[in-house]
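Asks: Given chain U's structure and the hints, the job is docking chains L and F onto it.
Next come the chains, spelled out residue by residue.
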Amino acid sequence: MVSKVCMTLLLAVALFAGGLPVVNAQEAPAACESVVIHAIATVGMVADVVRNVGGSCVEVTAMMGPGVDPHLYRASEGDVLRLLNADIIFYSGLHLEARLAELFEEMTSVKTTVPVANAIPEENRLRDPNFDQIDPHVWMDAELWSYTAGSTRDALTTYDPAHAAYYSANADAYLEQLEELDAYIHEQIERIPEEQRVLVTAHDAFQYFGQGYGVEVFAPQGITTATEAGVNDIRRTIELLVSRNIPAVFVESSVPPDILEAIVAGAEAQGQEISIGGQLFSDAMGEDGTPEGTYIGMIRHNVDTIVAALTGEAAVTPEAGA
Amino acid sequence: MTRQYDNTLPIQVEDLTVAYREEPVLWDVDVQIPASTLTAIVGPNGAGKSTLIKAILGLIEPSAGQILIYGKPYSEQRQQVAYVPQRGSVDWDFPTNALDVVLMGRYGRLGWLRRPGGKDRQLALDALDKVGMSAFANRQISQLSGGQQQRVFLARALVQDAQIYLMDEPFQGVDATTERAIVEVLKALKAAGRTVVVVHHDLETVPEYFDRVLLLNVRLLASGPVAQVFTPENLKKTYGSRNETVLHGIDGGSPSANGAKEANHGRVADAQPDLH
Amino acid sequence: MDVLQTLSLIFTDYTLRNVALGAAILGIVSGALSTFAVLRKQSLLGDAVSHAALPGVVLAFILTGLKTPLVLMVGAVIAGWIGVTLVSLIVRETRVKYDSALGIVLAVFFGLGMVLLTWLQGQNNAGQSGLDHFLFGRAAAIVQSDVITMAALGGVVLLVTALFWKEFKILSFDGQYAATLGFPVRWIDTLLTTLIVVAVVLGLQMVGVVLMSAMIVAPAAAARQWTDRLSLMLILSSTFGALAGVGGAVISSLTSGLPTGPTIVLCISAIVIVSLLFAPNRGIVWGGLRGRRNRRELQQAMLLEKLYDASTRNNGQSQPVESLRFILSGGRLEDALGVLAGQGLIAPETGDRWALTPTGIEAARSLQAPGGIRSSTLFSNPKEAAL
Chain U
1 MVSKVCMTLL LAVALFAGGL PVVNAQEAPA ACESVVIHAI ATVGMVADVV
51 RNVGGSCVEV TAMMGPGVDP HLYRASEGDV LRLLNADIIF YSGLHLEARL
101 AELFEEMTSV KTTVPVANAI PEENRLRDPN FDQIDPHVWM DAELWSYTAG
151 STRDALTTYD PAHAAYYSAN ADAYLEQLEE LDAYIHEQIE RIPEEQRVLV
201 TAHDAFQYFG QGYGVEVFAP QGITTATEAG VNDIRRTIEL LVSRNIPAVF
251 VESSVPPDIL EAIVAGAEAQ GQEISIGGQL FSDAMGEDGT PEGTYIGMIR
301 HNVDTIVAAL TGEAAVTPEA GA
Chain L
323 MTRQYDNTLP IQVEDLTVAY REEPVLWDVD VQIPASTLTA IVGPNGAGKS
373 TLIKAILGLI EPSAGQILIY GKPYSEQRQQ VAYVPQRGSV DWDFPTNALD
423 VVLMGRYGRL GWLRRPGGKD RQLALDALDK VGMSAFANRQ ISQLSGGQQQ
473 RVFLARALVQ DAQIYLMDEP FQGVDATTER AIVEVLKALK AAGRTVVVVH
523 HDLETVPEYF DRVLLLNVRL LASGPVAQVF TPENLKKTYG SRNETVLHGI
573 DGGSPSANGA KEANHGRVAD AQPDLH
Chain F
599 MDVLQTLSLI FTDYTLRNVA LGAAILGIVS GALSTFAVLR KQSLLGDAVS
649 HAALPGVVLA FILTGLKTPL VLMVGAVIAG WIGVTLVSLI VRETRVKYDS
699 ALGIVLAVFF GLGMVLLTWL QGQNNAGQSG LDHFLFGRAA AIVQSDVITM
749 AALGGVVLLV TALFWKEFKI LSFDGQYAAT LGFPVRWIDT LLTTLIVVAV
799 VLGLQMVGVV LMSAMIVAPA AAARQWTDRL SLMLILSSTF GALAGVGGAV
849 ISSLTSGLPT GPTIVLCISA IVIVSLLFAP NRGIVWGGLR GRRNRRELQQ
899 AMLLEKLYDA STRNNGQSQP VESLRFILSG GRLEDALGVL AGQGLIAPET
949 GDRWALTPTG IEAARSLQAP GGIRSSTLFS NPKEAAL
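Residue numbers (the working numbering), protein chains in the order written: chain U, 1 to 322; chain L, 323 to 598; chain F, 599 to 985.
Please keep in mind that the hints were generated in silico from the structure rather than gathered at the bench.
Don't be surprised by glycine CBs; every beta carbon is placed ideally from N, CA and C.
Be careful, since some hints might not be right.
[As the list claims (entries may be wrong)] No farther apart than 30 angstroms at their CA atoms in a straight line, the calculated lysine-lysine pairs in the DSS-like style are these:
1. L:K394 / L:K512
2. F:K764 / L:K441
3. F:K764 / L:K394
4. L:K509 / L:K452
5. F:K764 / L:K452
6. L:K558 / L:K509
7. L:K394 / L:K509
8. F:K639 / F:K764
9. L:K441 / L:K558
[Claimed, not checked] Not the full set, but computed from the structure, chain U residues with beta-carbon under 10 angstroms of chain F:
10. G67
11. L72
12. S76
13. V80
14. E180
15. A183
16. G210
17. R235
18. P256
19. D258
Just chain U, same shape as in the assembly (with noise of 0.2 angstroms):
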């Protein structure tokens, strides 16, 4: 908690800091009539932050739409010859997109690669139980997240000196956002009684989520979903779910339900009832257009279905701005 406030602080001083020049201004950066930058990101989340940081300068597309699973992910000839042709590439890092690593290395020799999670300090970064790994899911905790809009707007700077100001400027409204964001899962976990406060999801995305906000999270599938979960795993999971009496799980929108299906029906048989809560976005967001299709709107969806689902009333909240 204490370095959560020194964060908040530093946050805020460098906010204060870095808007001073433009108050003093009295006018807003320039932006861009034009499309300066051509990027592509990886998954939606890296997207979504390049896009609210690159604001008109830059156009950026996500190589995985929504449901597409970013650990499996194999470029394709095509998702080749659009890296080729981006200005910039963005991507998670940290391993998150594992069966692209080598491709990404090759490129870094030709074009300006940005892996935007790396901005997260070492000392943040959890590891994975099971293996000797990172854990990738960064975007779980929207402080931690923070991070990356740093890194995209040096990005953006060093390729386009120009308009440095203006991305200054759209980083720090979104870390404004961000920070609000922040702020409003932790009142909302608050809501949920202590000993219910467990998530129980098909594979393990959500340590930063459990980590950040002071939640219990529980996993079959381990952190990859290359791995299959086995029989011992679910028989677990199960244990966990009926000696806490926890009334729901919650499947992915990456991941096959099928796993979480077999947990429900072993729970039942065991007298336990438990519903599946809600779909949540783990590895992906939702769909293009929707509020959901931004990487506040699909993490506010997932704390008010997480939190619905464990409280057993609807969320409170005011209406979110994208």
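Replies: Below, chains L and F alone, put in the same frame as chain U:
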């Protein structure tokens, strides 16, 4: 050619032509096999001997011609014909015993869904007895010698109790005991009024075992009683002149006969490799 | 968790019970059909069918939007069936051989399946995840309704196999002869192939495309080692399949991180290896031991005969050991002499000499008589000795 449908004639083949891709294997073959006879089909390798048998059995689609069994198409007369295929046509490592193989000869009478019963078993045992294999009824077929396997195949055909028996090289590579046993069976069949047609590889034994012979080399060169048809000229026409010494020997005449017999016992020396 | 506890859980625990049951059904059905596939030398057919099924699964989802097991299985059966029919067509109409045709169809269909999957992942369709798990199976996600489906389909397959037992038997042994008896061989072949396709598809969701072929080959290959009767071979094959299925399910449930499908395949592989090595008569170890025994017996018989010949030439005198050294070198001569003595055929005399006993003389004589080798009691298996 006459187009009568003689329903006392066991096998009537007319204008039979069979081709693999563009190459003819049998060309315009006309044959009539009378009842109660033992007929040998002889000819060089690749002459179409097996093909003729298989065409009669409907296993090969002819390009032209027709085949009648007692005046009707083969498909209506299956019950009348039994087949003894070449021994090499199956994998003898199959998990089954001799009796079981012979029992398969009864499957044709059982129809779908029914299993062989006690009566079928007894018939199978009788058939094994006729070929001298009673002691081997429960022996794994992989443990049988070549000649024993051949006799099992023969028993399987016998159990069908057909009128006509078509056999493909039943004497190939068998021991003396088996050869004698098979000949006994053939003679018994003829005595019982059945018709037997055998693809035969050993020219030497043709006069001894058979009363009719078919000389085949893509075309039918001659057909009829052995005494009339099995002559050096006909053999020369069938096999070609380079085998003259042997052919003389078979006729039983000249002094070169014995030498030729020793050198080529049982097999016409032929440039082509074995078995079609 | 100890093994005994786990075994009892098969009955009490919902999850393990369903996985074990499903795996057992898979094992029984694929084991049964495996018998015919292996005997007809169509072992790789299972491999071709399972790989060919992939585009069927993906297309079924694309066309219907549903991911229920039944829908996907129907797609898999259709695709598998088309693949197999194509193989027959290729073999019939071209000069391409059976194994090449299998390889071609397998590769083309599987490649098509992968292309479709990759295309699908590029579509913004949120429901498409999970189809590629057909590659390795999702055994642990089996629920009761899946087991019921498998049991129903599997039951039908087994029933048909029982009904057409003699037809399948004669087709597998001598298809040509069967045709002359009037059996519609093409139709029976199609029926059998269809059953194999269904058996493969049943197992796909548990073991996956890549490994299912093992379940169509291994059980029968192992069973063949232990019996020479077709009916017993099928029962044994099904039993091995079931054992591997249940064993795999149980073992993979003992600890985390062991995927169920591959564990099942490992179990059946272990059964095959043991069968190949240790089965009596056909096992490698057995064969090796028997070969050694045959050689020893042969050498002993030769030794007896040489001793007989030598002593006959020397008026029945005993022979010095050294004169026999040319037959067997090293300590083996002494061993062989010891065995012959133990059988009462020879007796030692002073000065390291050996002579034949009356029994030995008789044995040697009958060995040298016409057909003596075949009828000699010196050999455990005269036929093999004579070969």
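Asks: Next step is simple, just say for each hint if it's right about the structure.
Replies: Now for the hints, and whether the structure bears them out:
1. L:K394 / L:K512: holds, 22 angstroms
2. F:K764 / L:K441: With a Cα-Cα distance of about 17 angstroms, the restraint between K764 (chain F) and K441 (chain L) holds, given a limit of 30 angstroms.
3. F:K764 / L:K394: holds, 29 angstroms
4. L:K509 / L:K452: holds, 12 angstroms
5. F:K764 / L:K452: holds, 25 angstroms
6. L:K558 / L:K509: The hint holds at about 29 angstroms.
7. L:K394 / L:K509: holds, 27 angstroms
8. F:K639 / F:K764: Roughly 18 angstroms separates the two Cα atoms, so the pair holds.
9. L:K441 / L:K558: Outside the cut-off at roughly 50 angstroms; violated.
10. G67: holds, 3 angstroms
11. L72: holds, 7 angstroms
12. S76: This interface hint holds because 5 angstroms falls under the 10 angstroms limit.
13. V80: Status violated, d = 13 angstroms.
14. E180: violated, 27 angstroms
15. A183: Violated - the Cβ of A183 (chain U) stays beyond 10 angstroms from chain F, reaching only about 29 angstroms at its closest.
16. G210: violated, 19 angstroms
17. R235: holds, 6 angstroms
18. P256: The hint holds - P256 (chain U) has a Cβ within 10 angstroms of chain F, the shortest such distance being about 3 angstroms.
19. D258: Since chain F brings a Cβ to about 4 angstroms from D258 (chain U), closer than 10 angstroms, the hint holds.
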